[in-house]
Each structure stands twice: as C-alpha cells, then as structure tokens.
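Using the sequences plus the hints, can you model the full thing?
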Amino acid sequence: MEKFVAPGDKVGEVRSYRPGHGVYVHNDILIASLVGTLITEKPTNGETMPLLRVSSSKYAGGAPPLPDIGSVVTAKITKVTPRAASVEILVIDGRPLRELFKGTIRQQDVRQTEIDKVEIYKCFAPSDVVRAEVISLGDRHAYFLSTAKNELGVIYAKSRAGVAMIPVNWQEMQCPVSKAREFRKVAKQ
Numbered sequence: 001m002e003k004f005v006a007p008g009d010k011v012g013e014v015r016s017y018r019p020g021h022g023v024y025v026h027n028d029i030l031i032a033s034l035v036g037t038l039i040t041e042k043p044t045n046g047e048t049m050p051l052l053r054v055s056s057s058k059y060a061g062g063a064p065p066l067p068d069i070g071s072v073v074t075a076k077i078t079k080v081t082p083r084a085a086s087v088e089i090l091v092i093d094g095r096p097l098r099e100l101f102k103g104t105i106r107q108q109d110v111r112q113t114e115i116d117k118v119e120i121y122k123c124f125a126p127s128d129v130v131r132a133e134v135i136s137l138g139d140r141h142a143y144f145l146s147t148a149k150n151e152l153g154v155i156y157a158k159s160r161a162g163v164a165m166i167p168v169n170w171q172e173m174q175c176p177v178s179k180a181r182e183f184r185k186v187a188k189q
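To convert, note that position 38 of the sequence shown is 38 in UniProt numbering; the numbers rise steadily by one, no gaps.
Keep in mind that the hints were calculated from the coordinates and are not lab data.
One should not assume that every hint holds.
Heads up, simulated BS3-like pairs for lysine-lysine below, C-alpha to C-alpha not over 27 Å straight-line [as the list claims (entries may be wrong)]:
| # | residue 1 | residue 2 |
| --- | --- | --- |
| 1 | K42 | K76 |
| 2 | K102 | K117 |
| 3 | K79 | K179 |
| 4 | K10 | K42 |
| 5 | K102 | K122 |
So the derived label-pair ranges between C-beta atoms look like this [unchecked claim]:
| # | residue 1 | residue 2 | range |
| --- | --- | --- | --- |
| 6 | I69 | K158 | 51 to 59 Å |
| 7 | V168 | R15 | 45 to 53 Å |
| 8 | V91 | V25 | 26 to 34 Å |
| 9 | K3 | F183 | 38 to 46 Å |
| 10 | V163 | S16 | 39 to 47 Å |
| 11 | P82 | Q189 | 43 to 51 Å |
| 12 | A6 | Y121 | 47 to 55 Å |
| 13 | D28 | V163 | 34 to 42 Å |
| 14 | G70 | E172 | 47 to 55 Å |
| 15 | M49 | A161 | 47 to 55 Å |
| 16 | D28 | F183 | 47 to 55 Å |
| 17 | A161 | T113 | 25 to 33 Å |
| 18 | A6 | T81 | 53 to 61 Å |
| 19 | P82 | A161 | 23 to 31 Å |
The beta carbon of each residue, even a glycine, is placed where N, CA and C say it ideally should be.
Here it is in structure tokens:
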C-alpha cells in the first residue's frame with residue numbers, strides 16, 4: 001500500500017532504513033523533505049538495509065485529486081454576495097492540491113433549516129477557511145458546495161483586529177483580544 005507523505009513526516013529510523021531521495025536524518029529519525037509517495041527499495045549491491053525515498057512526481061500517486069460528489073473539501077472564501085460565497089478549494093479529502101479549483105456555496109446550501117432566512121454575510125467573510133462537502137459538479141466555472149451539516153462550516157476566521165477567532169456557538173465566533181463577536185456558520189469541531 002502506498003503511503004502519501006509531506007515534509008516533516010517521520011518515515012522511519014536509521015536502524016531499520018537508509019535515507020534516499022527526499023528523506024533526511026534528524027536525531028536518528030528519517031524524515032520526509034518532499035511531498036509525494038513513500039517508496040521502500042530492497043537492499044542492493046551488498047547493502048543490508050532497505051532504502052526509503054520519496055517519489056515526487058507532479059501528482060503523487062498519478063492523477064491529481066479531483067472533487068467528486070461527497071468529497072469533503074477545505075476551501076478559502078474569496079468573495080461574499082447576497083446569494084452565495086465563492087471559494088478556492090485547497091484540499092480534497094485530506095489531500096492538498098497544487099492547482100486550485102473554484103467552488104460556490106449557495107444560500108440554500110449553507111444550512112439544513114430556515115434556508116430562506118440565511119444571510120450569507122452573517123455566515124462567511126472573505127479569507128475565512130471552511131470545511132464543505134461537494135454536492136454537485138456544478139457548471140464549468142465552479143463546483144457547488146454545502147455546509148449544511150453540523151461538522152461543516154467555518155473552521156478558521158480572523159477578527160477585524162486580525163486575530164484568529166474562537167468558536168462560541170454554531171453561529172458566532174469571538175475575538176480573544178477585543179472580545180467582539182462576529183456571526184459565522186461555525187463547523188462543529
């Protein structure tokens with residue numbers, strides 16, 4: 001089974017493996033220095049230990065990950081309008097992307113109840129980071145996303161003072177410095 005690694009991941013120990021391309025040693029621990037697939041090569045030419053290396057093809061494991069219906073994505077809000085929030089998808093099912101995909105969270109896809117009372121500007125703000133689910137492949141411009149589950153919504157937001165906010169409840173976050181509260185559709189942690 002292939003193992004996907006990122007820089008800083010511990011991949012082995014010097015007593016069991018030799019470091020290869022994309023792997024370095026720190027305090028007798030082998031650590032990945034590249035994003036890619038971890039490869040174990042059998043000992044050759046009289047070597048006694050297998051070699052660990054990182055294969056860093058453009059997309060580890062072949063093709064780039066693509067959003068699919070049901071995929072959980074992490075995205076950054078880029079624009080908020082009265083009817084929708086535009087996003088850039090950064091991660092798909094836990095796999096970081098090298099190329100960004102565009103997405104849209106429509107007013108009717110923000111939450112499950114009281115859909116007609118949703119005010120997008122009270123749910124999201126530009127630069128918020130959200131966890132969402134792909135519900136439709138959308139049009140050729142953007143994937144349609146939903147935050148209509150408790151575990152979906154804003155996972156990181158900065159206050160107007162530029163400080164990371166703390167969730168207070170499912171619809172508010174608070175600045176730890178100024179104590180000011182701001183509305184958000186907060187993801188349950």
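To see whether the hints hold, each was checked on the structure:
Of the supplied pair hints, the one linking K42 and K76 is violated, its CA atoms being roughly 42 Å apart against a limit of 27 Å. In summary, the hint linking K102 to K117 is supported, as the alpha carbons are separated by about 26 Å, within the 27 Å threshold. A C-alpha spacing of about 25 Å is found between K79 and K179, which places the hinted pair at or below 27 Å, so the restraint holds. Only pairs whose Cα atoms come within 27 Å are accepted, and K10 paired with K42 is accepted, the gap being roughly 20 Å.
The suggested pairing of K102 with K122 holds, with an alpha-carbon distance near 21 Å, which does not exceed 27 Å. Range check, I69 to K158: about 31 Å between beta-carbon atoms, so the 51 to 59 Å window is missed. One distance hint, 45 to 53 Å for the beta-carbon pair V168 and R15, holds here, with the actual separation near 49 Å. Distance hint check: the CB atoms of V91 and V25 are about 29 Å apart, consistent with the given range 26 to 34 Å.
For the pair K3 and F183, the beta carbons lie near 41 Å from each other, so the given range of 38 to 46 Å is met. A beta carbon spacing of about 44 Å between V163 and S16 agrees with the range 39 to 47 Å that was offered as a hint. Between P82 and Q189 the CB atoms are about 29 Å apart, so this pair departs from the stated range of 43 to 51 Å. Between A6 and Y121, the C-beta spacing of about 35 Å breaks the proposed range 47 to 55 Å.
At roughly 39 Å, the beta carbons of D28 and V163 sit within the given window of 34 to 42 Å. About 29 Å separates the C-beta atoms of G70 and E172, a value inconsistent with the hinted range of 47 to 55 Å. The given range of 47 to 55 Å is respected by M49 and A161, whose C-beta atoms sit roughly 53 Å from each other. For the pair D28 and F183, the beta carbons lie near 50 Å from each other, so the given range of 47 to 55 Å is met.
Under the hint 25 to 33 Å, the C-beta atoms of A161 and T113, about 32 Å apart, fit the expected range. Checked against the given bound of 53 to 61 Å, the beta carbons of A6 and T81, roughly 35 Å apart, lie outside it. The supplied range of 23 to 31 Å is met by P82 and A161, whose beta-carbon atoms lie about 26 Å from each other.
Hints 1, 6, 11, 12, 14, 18, counting from the list given before, are not met by this structure.
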